[in-house]
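*Asks:* Listed here are the chains, written in short residue letters.
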Amino acid sequence: MAMQFYASPEQITRDRSEYARKGIARGRSAIVLSYDDGVLFVAENLSKALHKVSEIYDRIGFAAVGRYNEFENLRSAGVRMADMRGYSYDRRDVTGRGLANAYAQTLGAIFSDQSKPFEVEICVAEVGATADRDELYRLTYDGSVQDEPGRMAMGGQAEAIGGVLKERHEAGMSLEAALHLAVEALTSVGGENGAPRTLAADQLEVAVLDRRRVGRTFRRITGAALTALLTPPAEGTPAAAPDGPPADSPAAG
Amino acid sequence: MAAGLDPSWRLPVAFATPGTSSFTEFLNMAAPDLLPGNRAVPRSAENVAPHGTTIVAISYREGVILAGDRRATMGNLIASRDIEKVHAADAYSLIGIAGTAGVGIELMRLFQVELEHYEKIEGAMLSLDGKANRLATMIRGNLGAALQGLAVIPLFAGFDLDAPTGRAPGRIFSFDIAGGLYEETAGYEAIGSGSLFAKSALKKRYAAGATQADAIRMAVEALYDAADDDTATGGPDLIRGIYPVVMTATAEGTHRLTDDETAAVARAVVEARNAQPGG
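Read top to bottom, the protein sequences are chains C and L. Each step along the first sequence adds one to the number in the working numbering, with nothing skipped, and position 129 is 129. To get the working numbering, take the position in the second sequence, counting from 1, and add 1000.
Be aware that a few hints might be false.
[Claimed, not checked] Pairwise CB distance ranges, derived in the manner of DEER restraints: (1) C:Lys48 x L:Met1074: 35 to 41 Å; (2) C:Gly128 x L:Gly1180: 33 to 39 Å; (3) L:Ile1078 x C:Gly215: 29 to 35 Å; (4) C:Arg21 x L:Glu1184: 55 to 61 Å; (5) C:Gly191 x L:Arg1061: 51 to 57 Å; (6) L:Glu1184 x C:Lys48: 33 to 39 Å; (7) C:Arg21 x L:Gly1180: 53 to 59 Å; (8) C:Arg14 x L:Gly1019: 43 to 49 Å; (9) L:Gly1180 x C:His180: 51 to 57 Å; (10) C:His180 x L:Leu1238: 38 to 44 Å; (11) L:Glu1184 x C:Ala224: 34 to 40 Å; (12) C:Thr227 x L:Arg1081: 51 to 57 Å; (13) L:Gly1019 x C:Thr227: 33 to 39 Å; (14) C:Ser174 x L:Leu1077: 52 to 58 Å.
[Unchecked claim] To be clear about the criterion: a stretch of chain C counts as covered by chain L if any three or more of its residues have a C-beta under 8 Å from a C-beta of chain L, and this derived list gives those stretches: (15) 77-88; (16) 101-110; (17) 195-203.
Because the hints were derived from the structure by calculation, they are not lab data. Remember, it's a predicted structure, so these values are computed and weren't measured experimentally. All residues carry an ideal CB built from backbone N, CA and C; glycine is no exception.
Here chain C stands alone, though its shape is the one from the complex (with noise of 0.2 Å):
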């Protein structure tokens, strides 16, 4: 007869912690902030296809750090039960809180029966009418949620990450302002000796949930609109506005 070893419960729970923690921290890391027209995805991310940041309906994005197929799975996941249930509902009774509740549930479950955590952390953002009222959720690998105030970092050296952005993060920051925070709070961490890195537009994954739009809010922020939004602009000229979709969103069936 196979011998059964005892493992105590805070032991198994302790190992599965450390294993999804350095999985986590040896991945890039992603940003999301509030500001006065939005909230605001940054992710250190070098592919243009396999994405960190992207859309789950009309006022939620999703970002995440750590192994890819697993939050990939955790995304599509959450796209069908948002469009499953504004199907069967309506659009707006999808929510962001219902979606975090749904992710945690579901990691909290990975984390307690199957024999691999997930390596991931993810945050569901909901954009509000105001920047008070954007919702942002970090879930953690064992299906902890918190709710953030206007700022969240997550993945490899979050901590250091976070502090930057908590200390100089406004609600009302342009969109501008916002990016290049993030921008320096991500290249803040990693460089040689304490000093700054730099990063580039094509090393960066950028997208925004627009309050001031109606249906769906998500876009991308990419190539020349990321780079002027990028370049500090001269003394009295505007930066850019971004490129965006079309105006008309599909129409709310």
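With chain C fixed as given, assemble chain L onto it according to the hints.
*Replies:* Quick look at chain L alone, frame taken from chain C:
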């Protein structure tokens, strides 16, 4: 089970199963009761539900127009004076429906979610032909109900982002109840009970490469002609201020003309018909 909810609040297993980027196929797996094709229909369901009537589509220089009257009928009665039968399917395409209104509206909503779902899961939009094919499949799924009297026929039009240069970017697709898909290369098409008259009017007025203003006028004229000869199609209702729904799809995306804009065109058409009733 409430839609998409597991009693434990966890995401149900079906949600996390890797698979298709089609919302319809996903529903078929996770909640088949939400799909239109999966319901028993009484042997004959004719005249039990309101019917939507005439939709016209016109391709013009910058894109395509889809316009519809506002009437729904039930037998000889008017069921609705202000139903909207033309909607944006996604950012670059439009859908209009004729036939059983309830089935059509459900189908249209499902189609909208289908396109959006694909776009979100895949991170890219379906091609215009892909969208049309998808819609054809959904119509085919309704064939059983259609034969029992709950037929619905859509008209699909969109701005083709991949259109080769020199070809009109606005494309129109029509369907039959068996799911047949036909691209209308003539540049215009109409469906619904008044389509015969609307199409006859367009045949005489249509010119390829029309401007947007001309195309809008043509669409409203065609709907007027349909309403003139078909009792189930509603003309512009100047008394109540109910005018046709006119939508465009261009490189800038889809756009619904405001009520004031359509009112101005509709009034001009009515004015012209005062002098010349045949248009």
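*Asks:* At the C-beta level, are Thr227 of chain C and Arg1081 of chain L separated by a distance inside 51 to 57 Å?
*Replies:* Between Thr227 of chain C and Arg1081 of chain L, where Cβ atoms are some 52 Å apart, the hint holds.
*Asks:* Just tell me: holds or violated, for the beta carbon distance of Arg14 of chain C and Gly1019 of chain L against 43 to 49 Å?
*Replies:* Violated, at about 35 Å.
*Asks:* Range first: 51 to 57 Å. Now tell me if the beta carbons of Gly191 of chain C and Arg1061 of chain L are that far apart.
*Replies:* 54 Å Cβ-Cβ, so the 51 to 57 Å window holds.
*Asks:* Could you check the hint for me, namely that His180 of chain C and Leu1238 of chain L are 38 to 44 Å apart, CB to CB?
*Replies:* For Leu1238 of chain L against His180 of chain C, whose Cβ atoms are near 56 Å apart, the range 38 to 44 Å is violated.
*Asks:* Assuming the hint says 33 to 39 Å, is it satisfied by the Cβ distance from Glu1184 of chain L to Lys48 of chain C or not?
*Replies:* Distance hint for Glu1184 of chain L, Lys48 of chain C holds at roughly 37 Å.
*Asks:* Check whether three or more residues of the segment 77-88 of chain C sit with their beta carbon closer than 8 Å to a beta carbon of chain L.
*Replies:* holds (count 11)
*Asks:* Tell me if chain L covers the segment 195-203 of chain C under the three-residue, 8 Å CB rule, please?
*Replies:* violated (count 0)
*Asks:* Could one say that the CB atoms of Gly1180 of chain L and His180 of chain C fall in the range 51 to 57 Å?
*Replies:* holds, 56 Å
*Asks:* Look at the Cβ atoms of Ser174 of chain C and Leu1077 of chain L and judge whether their distance stays inside 52 to 58 Å.
*Replies:* Hint holds: Cβ distance 57 Å, inside 52 to 58 Å.
*Asks:* Please check whether Lys48 of chain C and Met1074 of chain L have a Cβ separation lying inside 35 to 41 Å.
*Replies:* violated, 53 Å
*Asks:* So the hint says 33 to 39 Å: do the beta-carbon atoms of Gly128 of chain C and Gly1180 of chain L match that?
*Replies:* Cβ of Gly128 of chain C to Cβ of Gly1180 of chain L: about 46 Å, so the range 33 to 39 Å is violated.
*Asks:* In this structure, is the beta-carbon distance linking Arg21 of chain C and Gly1180 of chain L contained in 53 to 59 Å?
*Replies:* holds, 57 Å
Hint check: violations occur at hints 1, 2, 8, 10 and 17; the rest are consistent with the structure.
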